[in-house]
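> Each chain, letter by letter, is given below.
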Amino acid sequence: MGLLEQIEQKAFLGTEFLTWLWARSEMDEGPIEIEGDESIEVEFLKTMTFEAQYGEATVQSLKGEAPGAAAEARAAVLEGKTVKRAKIKVVQSEMEWTFSLRGDTFDFGSIAIPAPKGLPFDEGTGLRLDALERLFALMNTLFETFLALRLDEDRWADELARIRQFVEPSGGVAD
Amino acid sequence: MPITMGSLSCRLFRVDGKPSANFRDTFPKQIHRYRYQPPRVDDGEMRSIGWVNPRRILQTDIDLDQVLMGEWLTLALRIDKIALNSRLFKARLYEVMDQVRKEKHRDRLSRDERSAIQNQVQLEMARKQTPSTIIHEMAWNLKDSTLIFTGTSDKLCLEFQEFFNETFDLAMEPLCPFIRADKASQKLKLGRELLAVQPAAFSPRTIIPVALGHAEEGE
Numbered sequence: 000m001g002l003l004e005q006i007e008q009k010a011f012l013g014t015e016f017l018t019w020l021w022a023r024s025e026m027d028e029g030p031i032e033i034e035g036d037e038s039i040e041v042e043f044l045k046t047m048t049f050e051a052q053y054g055e056a057t058v059q060s061l062k063g064e065a066p067g068a069a070a071e072a073r074a075a076v077l078e079g080k081t082v083k084r085a086k087i088k089v090v091q092s093e094m095e096w097t098f099s100l101r102g103d104t105f106d107f108g109s110i111a112i113p114a115p116k117g118l119p120f121d122e123g124t125g126l127r128l129d130a131l132e133r134l135f136a137l138m139n140t141l142f143e144t145f146l147a148l149r150l151d152e153d154r155w156a157d158e159l160a161r162i163r164q165f166v167e168p169s170g171g172v173a174d
Numbered sequence: 000m001p002i003t004m005g006s007l008s009c010r011l012f013r014v015d016g017k018p019s020a021n022f023r024d025t026f027p028k029q030i031h032r033y034r035y036q037p038p039r040v041d042d043g044e045m046r047s048i049g050w051v052n053p054r055r056i057l058q059t060d061i062d063l064d065q066v067l068m069g070e071w072l073t074l075a076l077r078i079d080k081i082a083l084n085s086r087l088f089k090a091r092l093y094e095v096m097d098q099v100r101k102e103k104h105r106d107r108l109s110r111d112e113r114s115a116i117q118n119q120v121q122l123e124m125a126r127k128q129t130p131s132t133i134i135h136e137m138a139w140n141l142k143d144s145t146l147i148f149t150g151t152s153d154k155l156c157l158e159f160q161e162f163f164n165e166t167f168d169l170a171m172e173p174l175c176p177f178i179r180a181d182k183a184s185q186k187l188k189l190g191r192e193l194l195a196v197q198p199a200a201f202s203p204r205t206i207i208p209v210a211l212g213h214a215e216e217g218e
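These protein sequence lines are chains S and W, in that order.
Per numbering that gives the first Met the number 0: the first sequence = residues 0 to 174.
Per numbering that gives the first Met the number 0: the second sequence = residues 0 to 218.
It cannot be assumed that every hint is accurate.
To be verified - As a list, the in silico EDC-like pairs of lysine to aspartate or glutamate whose alpha-carbon atoms are at most 16 Å apart:
id, chain 1, residue 1, chain 2, residue 2
1, W, K186, S, E34
2, W, K80, W, E112
3, W, K17, W, E112
4, W, K182, S, E64
5, W, K142, S, D129
6, W, K142, W, E70
7, W, K182, W, E172
8, W, K127, W, E70
9, W, K188, S, E152
10, W, K17, W, D79
11, W, K101, W, E112
12, W, K186, S, E143
13, W, K188, S, E143
14, W, K188, S, D129
15, S, K86, S, D151
16, W, K186, S, D151
17, W, K17, W, D143
18, S, K86, S, E55
19, W, K182, W, D143
20, W, K127, W, D41
21, W, K182, W, D64
22, W, K28, W, D64
23, W, K17, W, E172
24, W, K142, S, E42
25, S, K88, S, E28
26, W, K127, W, D15
27, S, K62, S, E42
If you are wondering where the hints come from, they were derived from the structure by calculation, not from laboratory data.
Throw the hints in and build the complete structure from the sequences for me.
Rendered as structure tokens:
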């Protein structure tokens, strides 16, 4: 299989990552522990877009103060959708970033960079690049944490069972 | 949304390979060769692309020390495009064709004549038109090969990749989920598992594609 084909075929890993991150942030209601690093707080803010590969309504957007906590978010996953795009707040120690992330491409949007304003160009740009680098490293660490779980059959089965329990606590059966 | 101020939207890339040891000598020449120059309308150019200094976007003669910030090389990519309003273009074209027919006392013009008039009108209008300009920035970490580009459309990113490749003779790949996963799986020694992985079902319900029958069925 060619690289382009693999990129296309495995794009679901990005939307699954966002879905896992959302579920983790809602299930654990606390920081995500990272091996060998400081824990990371993740919060889903204002807008979330869910997408399914099939069905009559394939895209669903939720807007509000805390769409991640809404029953509609769990309902979307229950219907077979994954998180395609979301606005996220990430906090680690004294640093905080808000941005949107598109799962299938890993494109970042509207990143609010925690760097002081009004500094000389070199110093200001240097600090902004440092803050960006740290955000990208954090997101990479979170993705690697997800991937280590995702590619381990037993651990992923346990994680998936937790997420399924979270999206449908009653364990009920569809109509 | 630039790297140097405000909020930022971007796609991340990984540059394949490192700049040569003498990049301080070679980069200025390479950047100068591919610097921004206005579209040469008289040669039929309706679009132009090239590097400018991100801190002074009208400056195309770039001093490396001004755009090199520690490990980061920052550059801005300026793209100018001259677009003619199609209704105005057609109106002017018919006007000129009428004029020529009257001058030549003919009812019809040949295909070559029509084509020549079309080019003449296009040139005449393009000369008067101010190009629309977009500017995107890139920051390339020369040490770890990460590159931030402030554009996210696939078409733009592809053009940027090609232009970067032409300028620096280095290829790059977008850090999309598979590329990230590929690198991480090598580190985790899970390469085979990555190739075999299939989409997960987060829902406890069995979802059956509509095309196959019912939308949902109980497990």
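> The structure should be examined with respect to each hint, and the outcome stated for every one.
Here is what the structure says about each hint:
no., hint, result
1, W/K186 - S/E34, "holds, 15 Å"
2, W/K80 - W/E112, "violated, 27 Å"
3, W/K17 - W/E112, "violated, 54 Å"
4, W/K182 - S/E64, "violated, 36 Å"
5, W/K142 - S/D129, "holds, 14 Å"
6, W/K142 - W/E70, "holds, 6 Å"
7, W/K182 - W/E172, "holds, 12 Å"
8, W/K127 - W/E70, "violated, 43 Å"
9, W/K188 - S/E152, "holds, 14 Å"
10, W/K17 - W/D79, "violated, 30 Å"
11, W/K101 - W/E112, "holds, 14 Å"
12, W/K186 - S/E143, "holds, 9 Å"
13, W/K188 - S/E143, "holds, 12 Å"
14, W/K188 - S/D129, "violated, 30 Å"
15, S/K86 - S/D151, "violated, 28 Å"
16, W/K186 - S/D151, "holds, 14 Å"
17, W/K17 - W/D143, "holds, 9 Å"
18, S/K86 - S/E55, "violated, 25 Å"
19, W/K182 - W/D143, "holds, 14 Å"
20, W/K127 - W/D41, "holds, 12 Å"
21, W/K182 - W/D64, "violated, 33 Å"
22, W/K28 - W/D64, "holds, 14 Å"
23, W/K17 - W/E172, "holds, 14 Å"
24, W/K142 - S/E42, "violated, 32 Å"
25, S/K88 - S/E28, "holds, 14 Å"
26, W/K127 - W/D15, "violated, 43 Å"
27, S/K62 - S/E42, "holds, 14 Å"
Going through the hint list in order, the structure does not satisfy hints 2, 3, 4, 8, 10, 14, 15, 18, 21, 24 and 26.
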